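All chains, please: the whole structure from these sequences, using the hints.
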Amino acid sequence: MDVDFALIGHQESWRAAADVLAVLRGPERMRLPDDEIRDILPWIPPRAVCHVEVGSVFDTKIGDTKIGGAKARGLYIDSFIPPDRLEAAYVHENIARVRAAAACAIRDGAKIVSLGGFSSILIEGNFDQLPERHATVFTTGNTLTVGFIVQGEPPQLNAADRRSDRRCWVRPRSLFSAPREARAAQRPQRGAATQARGRVASRWSSGGNRDRSTALFRRS
Amino acid sequence: METLVGLNCSTVECTSPNAPIWQDILAQAVTGELMAAMNYASLSEICDNPAEVADALEHAQIERGHAARFAAEGRKIGVDVSNNVDAKHWKRLREEFLGCITERDFIGCLIVQEIMLESFAVASYARVGKVAPGSLGTTFASIAAEEEEHVDHAMEILRAERALDAQRFDDKVYRLHLDVMTTLAKMLAKECKDGHCEVCHASCVKPALFDVSLSAAELRGASLQQYLKTLDMLGIPGELTLAWVAQLPV
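Protein chains in written order, with the numbering used here: chain D, 14 to 233; chain P, 24 to 273.
Honestly, the hints are just simulated from the structure, not real lab data.
As the structure is a prediction and not an experimental result, all values here were calculated from the model.
Hints may be right or wrong, so weigh each one.
As the list claims (entries may be wrong) - Reference excerpt, derived from the structure (chain P facing chain D, CB under 7 Å, subset only):
no., residue
1, 103
2, 258
3, 273
Unchecked claim - Distance ranges between label pairs, derived from CB positions:
no., chain 1, residue 1, chain 2, residue 2, range
4, D, 97, P, 125, 43 to 49 Å
5, P, 72, D, 97, 48 to 54 Å
6, P, 260, D, 97, 25 to 31 Å
Unchecked claim - Within a straight-line C-alpha distance of at most 20 Å, the following computed SDA-like cross-link-like pairs (lysine to any residue) qualify:
no., chain 1, residue 1, chain 2, residue 2
7, P, 252, D, 37
8, D, 84, D, 63
9, P, 216, P, 112
10, P, 252, P, 156
11, P, 216, D, 106
12, P, 153, P, 216
13, P, 252, D, 83
14, P, 252, D, 106
15, P, 209, D, 44
16, P, 209, D, 49
17, P, 213, D, 55
18, P, 252, D, 84
19, P, 153, D, 56
20, P, 195, P, 153
21, P, 229, P, 107
22, P, 111, P, 257
23, P, 252, D, 121
All residues carry an ideal CB built from backbone N, CA and C; glycine is no exception.
Written out as structure tokens, the structure is:
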């Protein structure tokens, strides 16, 4: 079934990555040693990690339409960019990871995809770097995007008016981090990351035989 | 038991300081290829269609050819490449495949051989192919490409099978994953914690892999990545397969 939205992110620390893997392994298995996590995580292809469901507890009115209790179903897709590989030397590898994560979101039919954390910086507003998008819309917003998804249009964002009904146990970098973003918005923009985000923040991009088979492999 | 391949090895003086490392890598590869040949030969016994029987036997022959090519590469560098399909991990993998044969589970056989074992072969051969010198590297890379074709061929059948009942198919893959991939994960662990693998000719080769620009962690990582990508191509949800892989022993 198609999802309403997808959130693309990555873990901001090895500790966060270890927590994710620990949940995936389940309580009956011992946590992976740190050195094993550092060896394994970089090889994991981008993929959905969990489902996210968000909803509004308050009634919202858009025009004459009341959309109280609106809910949206989504996916968190981790690009599995290793926390220690954010520097320029890995830019091509990381862009490939974001592209693969975007492909996951498109394949799952997400209507809108938020590029969280370092993902948006890698794409730098050039959405042509992403795969064929079909009907999927990509944004570089984070918390704001979630607000848009829940409320259906750019809201008067107020943390008290939102409820993040998260069944997702990951802590993707920068996602759901309204206080930090609010602080960032209040201070002068600085640094490449902030500037890159600033450049793209106002843009809501849309756009988006094998004849040799032998009999064994032609089984119907 | 029928002899699957005549390797006709002769011991020649080693010409490279890394020859013993390549010798063990080749021994694992030859063992894997011989096991694949045995698996295809067994598969031919449960095929109903004569064309399928012929194809399974042809695949067995191809795998024996791979084993012979690896053995020949060993001779070129002056090492005698042994093999041991009864080594503990390989024997366990063979038993798991034979379990599918006993149940006449054609799809299960393909999942074990083409999705699990071939993922491991494709990924590890490709990595070795990048660093091994001369014709040794070329041979590994070339056989990796041929094995990848095998996987591609099987994907058509397996996708069609999954389309019939995705839940049932995914449950079957998971059951086989628990058995086969757990064994493979132990083989691919950074250290052989359960004792000697019974394929390396002396001590475990894993610590020495750094000398030829490889590492056990890299081979494991590449193999798991290939496996996950192959499962993705089958259409199994990525969040599901991620949990499967995360639960493997290290």
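Quiz item: So which of the earlier hints does this model not fit?
Solution: 1, 2, 10, 11, 12, 13, 18, 20, 22
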